[in-house]
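Residue numbers (our numbering), protein chains in the order written: chain A, 1 to 876; chain B, 1 to 876.
Calculated directly from the structure, the hints in this document are not laboratory data. Just so you know, nobody snuck in bad clues.
Subject to a maximum C-alpha distance of 30 Å in a straight line, what follows is the list of computed DSBU-like cross-link-like pairs (lysine-lysine): (1) B:K838 with A:K838; (2) B:K692 with A:K836; (3) B:K512 with B:K677; (4) A:K210 with A:K143; (5) B:K692 with B:K509; (6) A:K836 with B:K210; (7) A:K838 with B:K690; (8) A:K147 with B:K210; (9) A:K692 with A:K141; (10) B:K692 with A:K143; (11) A:K281 with A:K828; (12) A:K210 with B:K838; (13) A:K626 with A:K192; (14) B:K147 with B:K828; (15) A:K267 with A:K382; (16) A:K192 with B:K847; (17) B:K690 with B:K382; (18) B:K828 with A:K382; (19) A:K194 with A:K281; (20) A:K210 with B:K143; (21) B:K141 with A:K847; (22) B:K147 with A:K210; (23) B:K583 with B:K677; (24) A:K183 with B:K192; (25) B:K267 with B:K677; (26) A:K836 with B:K690; (27) B:K143 with A:K836; (28) A:K382 with B:K512; (29) A:K143 with A:K847; (30) A:K281 with A:K512; (31) B:K792 with A:K792; (32) A:K382 with A:K690; (33) A:K836 with B:K512; (34) A:K183 with A:K692; (35) A:K678 with A:K382; (36) B:K281 with B:K677; (37) A:K194 with A:K690; (38) B:K183 with A:K147; (39) B:K183 with A:K836; (40) A:K183 with A:K838.
So you can see what is in the structure, the chains are spelled out below.
Number of protein chains: 2
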Amino acid sequence: MKTLYAADGSDLHPHFGPYFSDGKRRVDYVLAYQIQKPNTVRKPSPKFGENNFIRRLRRSISMRSSRAPLQPKEDPEITAQEHQTDYHEDDKRFRRDEYEENLLETGLELEKDEGSKIPGIGFLKIHAPWHVLCREAEFMKLKMPTKKVRLFIHKVTAPLHPKVDVSHPHSVKSLSHPFSREKQHLFDLSDKNKFFDSTTRSSIVYEVLKRTRCTKAKYSMGITSLLANGVYVSGYPLHDVILYSYIPFVVLQLLYEEWASYSVFYKYQPIGLIRKYFGEKVGLYFAWLGVYTQMLIPAAIVGVIVFLYGCATVDENIPSMEICDPRNNVTMCPLCDQACSYWKLVTACGTARASHLFDNPATVFFSIFMALWAVLFMEHWKRRQMRLNYIWDLTGFGEEEEVSDHNRADYEFRVMQKSMRLENSPPKVTPTTHNLFGISVTFAIVFGVILYRISIKAALHMSSYPAARSNIRATVKTTAAIINLIIIIIMDEIYAAIARWLTTLEVPKTDKSFEQRLIFKTFILKFVNAFTPIVYLAFFRGRLVGRPGKYLYVVGSYRMEECAHSGCLMELCIQLCITMLGKQLIQNNLFEIGIPKIKKLLRQRKSEMDTKQEEELNKTLRRHEKDHFLGPFIGLNPEYMEMIIQFGMVTLFVASFPLAPLFALLNNIIEIRLDAKKFVTELRRPIAAKAKDIGIWYNLLRGLSKVAVIVNAFVISFTSDFIPRLVYQYTYSPDGTLHGFTNHTLAFFNVSDFQPGTDPLEPMHLGYKVDMCRYKDYREPPWSTTPYDFSKEFWAILAARLAFVIVFQNVVMLMSDFVDWLIPDIPKDISLQMHKEKILMVELFMKEEQGKRLTMRERNTPQQPRSRPNSHTNCV
Amino acid sequence: MKTLYAADGSDLHPHFGPYFSDGKRRVDYVLAYQIQKPNTVRKPSPKFGENNFIRRLRRSISMRSSRAPLQPKEDPEITAQEHQTDYHEDDKRFRRDEYEENLLETGLELEKDEGSKIPGIGFLKIHAPWHVLCREAEFMKLKMPTKKVRLFIHKVTAPLHPKVDVSHPHSVKSLSHPFSREKQHLFDLSDKNKFFDSTTRSSIVYEVLKRTRCTKAKYSMGITSLLANGVYVSGYPLHDVILYSYIPFVVLQLLYEEWASYSVFYKYQPIGLIRKYFGEKVGLYFAWLGVYTQMLIPAAIVGVIVFLYGCATVDENIPSMEICDPRNNVTMCPLCDQACSYWKLVTACGTARASHLFDNPATVFFSIFMALWAVLFMEHWKRRQMRLNYIWDLTGFGEEEEVSDHNRADYEFRVMQKSMRLENSPPKVTPTTHNLFGISVTFAIVFGVILYRISIKAALHMSSYPAARSNIRATVKTTAAIINLIIIIIMDEIYAAIARWLTTLEVPKTDKSFEQRLIFKTFILKFVNAFTPIVYLAFFRGRLVGRPGKYLYVVGSYRMEECAHSGCLMELCIQLCITMLGKQLIQNNLFEIGIPKIKKLLRQRKSEMDTKQEEELNKTLRRHEKDHFLGPFIGLNPEYMEMIIQFGMVTLFVASFPLAPLFALLNNIIEIRLDAKKFVTELRRPIAAKAKDIGIWYNLLRGLSKVAVIVNAFVISFTSDFIPRLVYQYTYSPDGTLHGFTNHTLAFFNVSDFQPGTDPLEPMHLGYKVDMCRYKDYREPPWSTTPYDFSKEFWAILAARLAFVIVFQNVVMLMSDFVDWLIPDIPKDISLQMHKEKILMVELFMKEEQGKRLTMRERNTPQQPRSRPNSHTNCV
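Required output: the full structure, derived from the provided sequences and hints.
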């Protein structure tokens, strides 16, 4: 082998890529497979194109004798290990041979490497020669840059932009045109090695791989089936080589330095480069994450201001002043049966003051602001997406994407199975049934979790010492929130598995539909999981407690939980805060950094080598061998999912926790670089997938921001005291201020009306005999004609709350639609630019046309001097 | 002239189209212009291509001496008449000459016809030769059918389908591919005269016309500017010739017989043919109208059932039974000050019974049904549109549409003006300012109309004889509704003019943006106009009347209008019924049939001929001369607008008028054929415009169906008595039935509490002295501690009403979104078909590729026998 090795063991070459053993042909894709037995004598890799006939003959004979059913599995690596018997191995080898032959027929060039340093693994290196690249590029209608270059004006925010524009400054954009061999003159083909970059080459090869099929076996298998059945262990394009010294034009190098580093956290991401290296789909994810993070900055600032406003006005808040005033000697009814006794309202002073931080008029403003913020974010993203589509020449790319999807391996296998046993086929389970089944399972699980939570709470309640409870309320709240968090995180993983299982049951036809269903199910389950305790706190806790003398009892004799005097908002806030912080810290640190590292270690351990040997080997490993040890790229869905749940936290209950955007912002600044590091150093290079938009995620975002409006309307009107205060101030207050509000919210209860056996055991706890105690509700006093019925105030305030919900929901929705309508989806400069480009294309076309006519006239002149260019036959 | 004339005077030709005087070259487009003076000696039409140099020279000399400013006008025909001075005529002729020369340079062929039978009008006939057609088709990426034909399975509803599939049965679809001269072998070019049909030919010519510009004058003018400035009077492609005898393949003939006829009203429309003849945009309109009408059938049926349910249960309705029972001797408070006296509730029996027809539980079901119906309609349409897009090969056509828009003539003129007086340019009026101005003007107008209506009502009220009023209440209601209708129709026309004026003020840049702004403005104004009286009746009338003893007075001493005892629903219903019927009858009959006829007559009268001469001439007129007398095609916006307003009527207040869908259905069955007749016989043939969807109208429909949910929620909960009845039945009723409901809704009033001067003049009208009268409201009785305050029931019922609105709105919206999500946008068979087509294209491409390789190998073989097909240089 003539390949040179760099200092770190990578194969060094003037073009910085791994090559075939001739050092010329670039490796565009690698398929790895298990070698029959590591110890058997290695056959020299057969030279393709020679002796084809004999090999074909041999195989066709052996095929007839080996028709065993294949068991497809989900994880190729497990499958590969389970099926290590010679018998299956033979079958796999035959399939490989057939597949490779079919690949050769498409014009790809192959090289086998079974003598690698990793025992038991053979590599098939694939190279696409120029004519295949041309043919496929034309067929895929790839838009390639033409010679014509246009100036493209870009905003100048120099210090914030990453330093990656060495070769192509942002302000220049090539006019591009779908590649066509007939129009070669349009393109700059001076360096054929550079015309298609490594990303394009690998996606072209992958396109060919997808189209090529094994047909001689029982059922036709594409590359996905071959991978799923362990015929090949894995397939991936190769990473560029990082040389740890500055060499321009190596994209990965630039990405490593200017993107996957915490030191550049304040800069924009080099989206163009990310797209160039990882493809449009990954590029869009990071662009989206960038826009989201950027948009969080104003939200975080306003959130902090709102919080500070709450802090500043806490001493001017009349209701909490009234509660804290010891002169208002209010005796409250006991909070539990028998064990609890009467208590003084003044002891709730701390909670009342803390509640004001999150329950003040500014939060109403803030939740309107955040609803509009969500719309602005979506609009901003749409425009950014449009701009990227333009810059990345995706404007023509469209619907074809939807139909060019290949069948899933599992589906193919099922179809095969079905065709094999047509006589005793089981009753067909339609997708609808499955869907319904899935939904019902979801709700059963969710309900189970709620019951589990309630019983845990009840147990906690009973075990703690009753008298001390009111003092340690805050502690209990916090621990409850932490327990909730742990349950959430554990259930998150379980739900992800359930969603996958349910989707697998449905056997969707294509990978795309599989992905969509999986995303949808996972989203529903994870979302319900994350928000159940919060929704419970916001809307159900303390609603159905009944009243003194007639409490509502559940599960035997447990009274429903009550809220603190100032509502459940405080607890809601603690829960939100802990869920957000905890989820992000644990998921980021543990799952995103820790687990991949452990997995990588395990994968290296598997290959049965001790550590020293391994390390030494690691240095001399070549690119495709190194990449083999990296984690497989499993798609962007987990990343998106995490962000969408976070978006839900930021928008859904923002009325109760204005600091949420700040927490999200801090998390995302880290998240971007963390994800970047993962993509650059931990994962195999993904196939560059084209995408015009972020797909289903946009719809989920849109759905969330709609739900957020309603949820915020309910939080403001039902969870907070905003509406009762407003109604009191403008209707009942004698002087137009909130003085007397606390008294107005408390109903009277005659202690003689306690149900037998529920009155306090220590009635003299406060030191005096209590005749009348107070409780927070709008009910008639004991001396009215209808004692303890809801009072007229109750109904009036309820009507006000409901009216607020209607007004808030519709006004905010109208404003959102208005903003949506006001901001054009296509930025003006882009639409101008597109218009100009269109005109340029017309000019180009016309010039070409004239050129043709001229050459034609010249050609025609010697034969027919009188022929006119616009005669009937000149159309060629 | 060698052209033959058919029996009716049309030029007969084996290909049934009008041709150049050589009888061979087809006329693809006609531009008409004013001839300098009808009486001057007619110059023989110059032969183009000859003496170009001399004419160019002559013009360039004369151009220098005639640089007068041009005044662009909106209506080209008026302009043409106003500028008949020689001076301007010269200028126009020079422009024409330059333009025509530029046209010749693009390869189009022209023929002038100034000796036509219409004095003062010259015609420029334009023909596109084959090579121009090819070039432009390739440039416009027109998808043309290839030789390959695929079976396309179509639903079998044979008797309902029009008999138009003589040549091409529906079940066959050609595989089509963007036309390219390099891939001519793909297409069936055996008959070059038929490959591009007349529709395609004319749109190709129009494309060239749009691109060609006059540049030698002060400012560059496109065809739109030339038309707007009267340089040309009009431009249109020619209609096919109807021969009134069955000859297949003449599309217009088929359309005339199988579409534009009332006798085929039960059949589907021949959408494919409509599209073939009028282009995609018109095709989509009629397809949409068809889908809408079809969807109205189930809605009308359910509506009739709901209405019949109301009729059937009118005798079992307890509240109206109670009102009609003379034993319930209820004395009601007077309905107006002084003049009116006390009255018996039993006299409201008729209205109560009638109200039940429209106010029963079935209407609640019906409005939920209609909300879902609207969503289903939208979904159905989306699928239909997708199907049409597939059948019409529009799937690739997309965003380019948006940017390929040409500047408006008026905009160009303004820009020119601005560049001419850069020094003293007026302060720039931004579109935002204009928009705000427009909106404020809108509201001012609307408010003015409301005031006008109220004062008219008040006047009517005062003039009618007071004592007889309660008896002739129904008559007054009906006449008021008719007056409203007349106002609506008059204001409709005025508003249309205002919208146009406002949009013209804004000077939008492109025709597309002009159209969009105009549509939006017109929609807002017309919508507000049509729905103001209805909204007033539904939500404001009778709300703010105050109570006996404390009525609310406006404009001096007029009491606000009250509703009848059973709510305003009855009046709302009458108003809706009259508006729908009246608007449709008047607008259909008068505006759509009458006015175009009158216009046509006037246009013929203009050309200064007496009737006999005219008739005789009419017989001998040729196609382009006949078409000159037809009405210009002014776009589909008025048609869409009418239908959208109707859609609003059908969905918005459906809770109060379940027969609306039936009325709409009957109207639309006529409307389709009426529009068809208009398009086929009354209007000039439109340029075939491409469109993938119905554009802004879809958004308006979507918006309307959203608003409908909210409006219906409010109608049910506030206008009807549904919620009070429900609350009474389940909360206050002693026996769980509605018995006693009427009594429960009536509050007591002590007659001694009348304000001085407002008590009835004839207190003994009923024959006994009244101490206590009743009125419809939930208020405390005079003997309570807070007399006449709103009672607890009022607040409880208000809360229930508001809760219903929230629940209804969100449940229906959720259901709509669910339905939206459940139904895939692309019908399954279409997506399968597209997938198959894609695979077929791959096959075709691969086969071609192999063919190429084979020929190449063959070519290469004699020279280099060893050369391999996949060597590096084979990419051609």
